[in-house]
Amino acid sequence: MSYKQSGRMKSGYEANKYSEHDDRKTGSEGFNYSRLGGRGRGRSSNRGRYMRSDTRSQSTSSGSFARGGKYQPRRGNRSSHRRPFSRGRNFPNRKYINPDANTDNDGDVDMQGEGEGSGRYNPYARPHRRARFVRRDDNPSQSWHKIIIIHGALYDEKWLREEISKNAFVEYQPVQYHLDGNNSAFFLDDHSTAESIRNCSKKIVAPDGTKLTIYLKPAKDAPLQENDITLLKEVLSERYNSTTKHLSLSSLFFDDKLKNQNVKIKVSSPVHMYIVTKIIAENISTLTSLDMTDSGLFNLDGVKHLVQHTPCIKRLNLSKNKISRMKELEKIQGWDLSDLTLDQNPLCAEYKSKADYIRDIRECFPNLQILDSHPLPAPVKFDVDKTRLPTSVPDFMPTTGQDIIKQFIQQFFKCYDESRSQLSEAYHENCIFTLSLPQSPRGPALSHYFSVSRNLKRIKDTAKKISTVTTSRNDVISLLVKLNGTTHYFSSFSVDVPLITSTVVNFIVRGVFKENGSNGVLRSFSRNFFCQISNTSLQIVNEQYFLRNPTSDELREAKTYASKQKSSSNVSQQSEIHVKMISSFAKESGMNLSFSEQCLKENSWNYEEAGKVFLMLKEQGKIPLEAFGK
Amino acid sequence: MTLDRSPPTLKFQIEQSIEAGTKFCSLFYETYDKTRHKIGKMYHEAAQLVWEGNGVQGKESIEKYLQDLPGCFHIVDWFDCQPILPQFTNGNESILVAVGGTVKFDNHTLKAFVQNFTLTNVEGVWKIVSDALRLRPP
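Keeping their order, the protein sequence lines are chains Y and P. Take the first sequence: its position 584, counted from the start at 1, is 599 in my numbering, and no numbers get skipped. Take the second sequence: its position 111, counted from the start at 1, is 113 in my numbering, and no numbers get skipped.
If you're looking for bench data, these hints aren't it; they were derived computationally from the structure. Hints are not guaranteed to be accurate.
Calculated lysine-lysine pairs in the BS3-like style (CA-CA distance at most 27 Å, straight line) [claimed, not checked]:
hint	chain 1	residue 1	chain 2	residue 2
1	P	K25	Y	K346
2	Y	K342	P	K113
3	Y	K479	P	K36
4	Y	K472	P	K36
5	P	K13	Y	K497
6	Y	K475	P	K129
7	Y	K226	P	K113
8	P	K40	Y	K480
9	P	K66	Y	K472
10	Y	K574	P	K113
11	Y	K346	P	K36
12	Y	K480	P	K13
13	Y	K272	Y	K346
14	Y	K472	P	K43
Between beta-carbon pairs, the in silico distance windows are [what the hints assert, rightly or not]:
hint	chain 1	residue 1	chain 2	residue 2	range
15	P	T24	Y	F465	50 to 58 Å
16	Y	V395	P	K40	25 to 33 Å
17	P	E125	Y	E345	47 to 55 Å
18	P	T24	Y	S517	26 to 34 Å
19	P	G126	Y	S517	25 to 33 Å
20	P	N56	Y	S598	25 to 33 Å
21	P	G126	Y	N197	53 to 61 Å
22	Y	E345	P	G60	36 to 44 Å
23	Y	N197	P	N123	49 to 57 Å
24	P	G126	Y	K217	55 to 63 Å
25	Y	S439	P	F14	51 to 59 Å
26	Y	I419	P	S63	25 to 33 Å
The beta-carbon is built from N, C-alpha and C at its ideal position, and this holds for glycine as well.
Only chain P is shown next, with the shape it has when bound in the complex (with noise of 0.2 Å):
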């Protein structure tokens, strides 16, 4: 609705955040319910996760906290991606991804999830600089 008005550079940034959101959205939760042991790699040297409120700062420490977690299947129900004005990052290709849908978690009854994620681009490879994770019946 207001695209006319904006300059082109911004329908290319949410052409871009469109296009590495999606397919952050089905890699990202492919490997969570997979091949969890990989999932480290996902996230930033300093990345902050914030799992229902508890906070974890750093790749390994993520990594760590997250194959503790039991096993799970998650099924994506809505997501939305969003092109951070660089502007604002210091010159940084970022975007922010927010996804929505429910969650079977091993010996746990169904859970509906929100998750919304901050990621950038360091050198040609989308990192995760935070994901915050909140939980609640569906």
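So here's chain Y without its partners, still in its complex pose (with noise of 0.2 Å):
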């Protein structure tokens, strides 16, 4: 490929005006072609010979393409259109790849405003996209680049920059970072670091087992500095009116006193508004009013952020904005506004019954009152208020019984992550063993557990759904030594006890562990145990074993998990330590325990100095008798 492109570079700009423009046309065709796949083979000739004939014009226009301006067959006719493609594709040295095309347009925002509002996967539009960045782009090393990392607002942002500089190998200053819908987004000035992060694309692996991917991207805007944030919280505090908590957005980028400044803020772009939510979130979090008429919002991508910082809001003024999709107010359910102006959005000229708009509102705002200042005929109700579900509990545990029930999961997980093969106390000499795993899961394979695990739901065969029941403890044991090594972490343990008699008891245990290993999965389980209670002990008799991959909250929890639960051992192994040193200086020394522990503690755990020490305040006399009693 690079010598033909080296050969095509010769032919100029003409020729490349040419390309870009036939990439775009073609583009289009290529992707009806693609999506269409075998419905669309041969569905219209008459698109066939559209695309012939506009071959035929490109051949002869760029002179560089020439293949015959004969009839080509379809196959060498999508190759020819290839070409020009690949090339697009390979624009300047990859600097720059649209990480539009790849999010399903769910999480960027285009800063100028300008989003084009196609929402879907198109890859064969890309190179025209990208032909944009080759030309407004001409020397990235003297701008600003953003660096996006797709669902990166799922991970933690200390986290997610401790990883990024040990795989990148730099060190750097993240500027503004902010969450961008899904994505989580930030400004670097020097290029060579942004290249060395863009590098290191599908090479972090999150907590859950994804491969992050990080994109670059020429910033539009430069980030604001200190002296235009200060200036924006004097304007918001101007706009703010503290009887009524009402805030004013309206029309920010032309506020007057931000303008003589020359500072641009839009309230449209992810960034600017994360800047927006921070000063609302740490000095006016209470507010119940805001107005965001003619801001330039195409989504609610930046204002989604909002929600969680403000959960008083009432009242909310969307009106002369962009937004087109009922699924951008479902970012901001979270707010129980009574008080919604939505219109002159292009989203109300779609309705053609006030109904129906109303109705669709309503779905995601229940409580509301009203709406583009009308208030709303009264919603249909009726008394049966079924909708409600209780709420959950971590943990449901018997009064009686409950510490042995603790004692023994501490002990049996303790066991099953150090050294699973000493279990066989655990479990009765004739206890059942099952593994199951949902039928499709999600994230890193579960193949491992595949070859136990039963699911009755699938195996059909009678055969099969007897042999995966494992019926004796050696056999259960020398199973579970064959599954991975795993650390479990306590903290995310929540204990049910459905059933409890003076005999048996039944108890399921979920939790989070984390495979050993260099990967380090996490996978989220649950455990029904039924166990034979004897003389204050307990052995497990049945117990079903359910694997899953966590859940993005669970993963966001089990960073929380990890980081206690190492202190912790810390902590005992530490201390652990100290006991043992205590014991060995006072038969050394002849003093009692506290006095040793004393003496350690007061020599920082330095067992010779702290003998030395010993040594020299018995001569000198100055240790009291006590410490030699016992």
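Join the two chains into one complex using the hints; note that each chain is given alone, in its own frame.
Pasting the structure below:
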């Protein structure tokens, strides 16, 4: 491909212009072709003709694609179309890749507010869009760069930062880290750092086992400076009415005070909205009324992140924006609005019937009373109130026998992690064990467990239904030993005890563990134990082990579990060492334990130092007699 | 894998548990989704329900508790059952059933569930002794 490229480069601006032009045209053709797949094949001869004539005109005009002006079979036709694409795809050094094309358009927002609103994955349209960047960005090293981490909003900011600098071998200072829909992004002014971070794409493994995708894009605007933000703060405080708790962000871009200082704030840009969100969250999180009239909003990806900081908002004005999809309003469903103004948005024009419009809005905001400054008719309500689900409670434990169960769980999982082969005491010799997996697990493969798994919904063969049950202590242990090594996060555990009698107890333990090994994939489990109670100890009679991949919430929480676990085990290890030191120091010195401890502590647990000090003090006779009394 | 060494009665018990569990799974969720007013009959007089950590004791209370939940629709993805050996249950025939899948409650988003039952055979009829349910985002 490269030799062709260099050859074509010579064809100069003229050819370049044509090829770009053609890219665009054929791009859309190619798109149709591929999307329609089998259905579209030969569907309309008309289209085929169009494509042919298109190719011909292309080959004659640009010259460099000449393949003979004759009819070309479709296959050849496509490949000749492709070549200009591939050039387009390889625009200067692959520096910038447009993330829009890969994110379902749910994340990225056009900073200029000139978004095209095309919501579809459209691979063949990419060259043309990228070509735009080529023209715009002639010297990338002089401007700001924007790093975008796809689905980065799921992960902890600090963790992301550490992982990136570990993988890219660079120290960097992210400027204005912000969330943009589901993605997160920040700015960098150093081109080489930005490049090396971009090169980490698909190299960082998230706790859920997915590989992070990182994009690099030229930043259209430089990030705001510190004094710009101070000015913005002033402007916002002027626009806030503390008695009505009303904040107006309307036409912020045209604000005189900002304009005079040449500060351009676009609420429609996620990074600016993120700064505004931060200011609001820190200063006026109790506000109840928000005006965002005329803010050039295409979507609510930026506004979405304000919802959690301002739970009291009841009135919202979004009129004169460019919101065109109901989906956007779902992003701010967390606000329990009673008054919403939406007029002069493309969305409103979509509805022919006012009733439909009201119904759809009410779906998002059931307690809405005023819409576009008109009071709404009372909603149709019946007195059945069967919509609420009971709130979740983390554990269900009986009043008696709690300690035995807790102790058993603690010991069982500790042993399971550390020396699984010694679990035999925990199982009854006639115990029954099964392991199940979800039918279609998402995330990292569970194939390691598949050979022993039992899902009666899937297994049709009766012999296999029976053979997947493990029915003796030895077999259970040898099966468990074969499974991946694990580290269970005890703070993630929750326990339900639905059944307890004087002889048996049934409890279900749920939680998260990390598989040992380089990848350290996280899994969630739910283990149903049926135990016999004998002499205040438990022995497992039945176990049903269910294993799955964790949800995004569980992954987020797992970060904190991991750090907690580390510190607690450090403490316990530390204290074990200290206990040993104290007892041997007591033996050698002849002092009692509490004085030994004091002596060691005062010498910051340095055994030799403490010994020297002890001997010195003893010689001087400064040690009280009671130190030697037991 | 261990079948040859185990006594034939165990194989029979496992087969029994599979039959009872399979029938129970389809019947329970069908009743739950379509005719919930009848679901109380499937519980034992002294049954224990643990619904997302909320404990409910006794057939009548469980019946009322379940009636008050919004309408729903279950899709079972997997299930598993085991016999509990009679030596541990005073000779009663009992099984454990674990079920997982997704459930859609009216006016709520789709949720994944895992539900663990203990069933016991009372004079030829299987009754739920304990029922523990947990929901999570799918």
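Status of each hint after checking the structure:
Between K25 of chain P and K346 of chain Y the alpha-carbon distance is near 42 Å, which puts this suggested pair outside the 27 Å criterion. Distance restraint check for K342 of chain Y and K113 of chain P: the Cα-Cα separation of roughly 20 Å lies within the 27 Å cut-off, and the hinted pair is therefore satisfied. Restraint check for K479 of chain Y and K36 of chain P: not satisfied, since their Cα atoms lie roughly 33 Å apart, outside the 27 Å limit. Proposed proximity of K472 of chain Y and K36 of chain P is supported: the alpha carbons are some 21 Å apart, at most 27 Å.
Taking the CA atoms of K13 of chain P and K497 of chain Y, the gap is near 25 Å; set against the 27 Å cutoff, the hint holds. This hinted pair checks out: K475 of chain Y and K129 of chain P have alpha carbons roughly 26 Å apart, not beyond 27 Å. Taking the CA atoms of K226 of chain Y and K113 of chain P, the gap is about 26 Å. The hint holds against a cut of 27 Å. For the hint linking K40 of chain P to K480 of chain Y, the alpha-carbon distance of about 31 Å lies beyond 27 Å, and the restraint is violated.
A distance of roughly 30 Å separates the Cα atoms of K66 of chain P and K472 of chain Y; the hinted pair therefore is violated under the 27 Å criterion. For the suggested pair K574 of chain Y and K113 of chain P, the alpha carbons sit about 23 Å apart, so the restraint of at most 27 Å is met. Between the alpha carbons of K346 of chain Y and K36 of chain P the distance comes to roughly 33 Å, so the proposed pair goes past 27 Å and is violated. Using a Cα cut-off of 27 Å, the hinted pair K480 of chain Y and K13 of chain P holds, with the two alpha carbons roughly 11 Å apart.
Restraint check: the Cα-Cα separation between K272 of chain Y and K346 of chain Y comes to about 31 Å, which exceeds 27 Å; the hinted pair is violated. This hinted pair checks out: K472 of chain Y and K43 of chain P have alpha carbons roughly 25 Å apart, not beyond 27 Å. Distance hint check: the CB atoms of T24 of chain P and F465 of chain Y are about 22 Å apart, inconsistent with the given range 50 to 58 Å. The hint said 25 to 33 Å for the Cβ distance between V395 of chain Y and K40 of chain P, and at roughly 29 Å that hint holds.
Hint check: E125 of chain P to E345 of chain Y, Cβ distance near 52 Å, so the stated range 47 to 55 Å holds. Roughly 32 Å separates the CB atoms of T24 of chain P and S517 of chain Y, a value that falls within the hinted 26 to 34 Å. With their beta carbons about 27 Å apart, G126 of chain P and S517 of chain Y fall inside the hinted range of 25 to 33 Å. Separation of N56 of chain P from S598 of chain Y is about 49 Å and departs from the stated range, judged on CB atoms against 25 to 33 Å.
The beta-carbon spacing between G126 of chain P and N197 of chain Y, approximately 55 Å, falls within the hinted interval of 53 to 61 Å. Checking the proposed 36 to 44 Å range against E345 of chain Y and G60 of chain P shows it holds: the Cβ atoms sit about 41 Å from each other. Roughly 50 Å separates the CB atoms of N197 of chain Y and N123 of chain P, a value that falls within the hinted 49 to 57 Å. Distance hint check: the CB atoms of G126 of chain P and K217 of chain Y are about 60 Å apart, consistent with the given range 55 to 63 Å.
For the hinted restraint 51 to 59 Å between S439 of chain Y and F14 of chain P, the CB-CB distance of approximately 27 Å leaves it violated. At roughly 27 Å, the beta-carbon separation of I419 of chain Y and S63 of chain P lies within the given 25 to 33 Å, and the hint holds.
Of the hints listed earlier, those the structure fails to meet are numbers 1, 3, 8, 9, 11, 13, 15, 20 and 25, in rising order.
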